[in-house]
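> Residues per chain are reported as follows:
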Amino acid sequence: MKNIILIALLLSGFQGLQAQDIFFTRTGKVEFKAGSSVEDIDGVNNEAASMIHTKTGEIAFTLLVKSFHFKRALMEEHFNENYMESTVYPKASFKGKITNLAAVNFAAAGQYNATAEGELTIHGVTKKVTVPGKITVQNGKFSGQSTFKILLSDYGIKVPSVVADKIAKEAEITVLCQYEPK
Amino acid sequence: MKKIIALIGIVALIAIGWAAWYAFNKPHRSLDESQMIRVQADSLFLAFQQDETTANAAYLDKALEVSGMIAEIKTNQQGQTVLVLDSGDPMGGIVCTLTRPAEGLVKSQQVIVRGFCSGYLSDVVLRDGILVNP
Chain E
1 MKNIILIALL LSGFQGLQAQ DIFFTRTGKV EFKAGSSVED IDGVNNEAAS MIHTKTGEIA
61 FTLLVKSFHF KRALMEEHFN ENYMESTVYP KASFKGKITN LAAVNFAAAG QYNATAEGEL
121 TIHGVTKKVT VPGKITVQNG KFSGQSTFKI LLSDYGIKVP SVVADKIAKE AEITVLCQYE
181 PK
Chain A
1 MKKIIALIGI VALIAIGWAA WYAFNKPHRS LDESQMIRVQ ADSLFLAFQQ DETTANAAYL
61 DKALEVSGMI AEIKTNQQGQ TVLVLDSGDP MGGIVCTLTR PAEGLVKSQQ VIVRGFCSGY
121 LSDVVLRDGI LVNP
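Going down the list, the sequences are from chains E and A.
Just so you know, my numbering puts 24 at position 24 of the first sequence, and the rest follows in order with no gaps.
Just so you know, my numbering puts 55 at position 55 of the second sequence, and the rest follows in order with no gaps.
Read the hints as simulated data drawn from the structure, not as lab findings.
Below 25 Å or equal to it, Euclidean Cα-Cα: the simulated SDA-like pairs (lysine to any residue) are: (1) E/Lys29 to A/Phe116; (2) A/Lys107 to E/Glu180; (3) E/Lys91 to A/Arg29; (4) E/Lys71 to A/Gln77; (5) A/Lys62 to E/Glu85; (6) A/Lys26 to E/Tyr83; (7) E/Lys33 to A/Gln78; (8) A/Lys26 to E/Thr87; (9) E/Lys29 to A/Thr81; (10) E/Lys91 to A/Ile37; (11) A/Lys62 to E/Arg72.
Fair warning: this is a prediction, and the values are worked out from it, not measured in the lab.
Produce the complete structure using the sequences and hints provided.
Okay, here's the thing in structure tokens:
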């Protein structure tokens, strides 16, 4: 429901602007890495939804935590049940704006550095974040990529001391979305 | 007597070791037919659209068998086929990522897919999907 409201809000803000300025994907890829030298903890989610407005720079991501895949079923279970509590908090999201939109030319092929500023919600906790990214324009389409780190404790994710040496305090998140016109 | 105790101890240790090894390496959940919830694409979408909390209680993480019409066929960045089933509502559909390659599918085709429900974004998302027919 929240998502529909978000989309409705985004769209209502876009009145008078052309629909072709809105690009989206349902198959955004998000990687989660929180391993250590003892163990790899890598999860991949290929079902993230994202929308970007090329004229206003507004950008939104949402994903379902249960769609993260891990190599081991047990790791996936722990990720969902013990850390992310994905039944209570099924979603993670980001909504914000590209702050240097003028530096990105969506009409010309090339790679542009972009910075997005906004609110990141994970595990029911919302924080203001600024993340670096790259936008690559090619053949009239474009993709967005970003890698950043989050402190698990910032989002109320508790790591028991027994496994503290296996799990990184900071998780690395990588997002890669290939956008299509709405 | 001591020998028997030692033997029991060894057997117990092996059992514990095996159980731990199995838990650590246990396989991912499979789509077990007996646990399947059968639902139409439009009624599944409507359930989430009307009341996400109730729909989550009914469907989240459950194995679903969904029948509907293919609205879109996409490929994700891992090369997997992603089907979007028509929900009768332009706001969203049922998105199902297939784990095995699927060929010969066309838009407007009626299909039945199975997958685990990850929840609702503006679409209902099914992961680890398989195609039951055609």
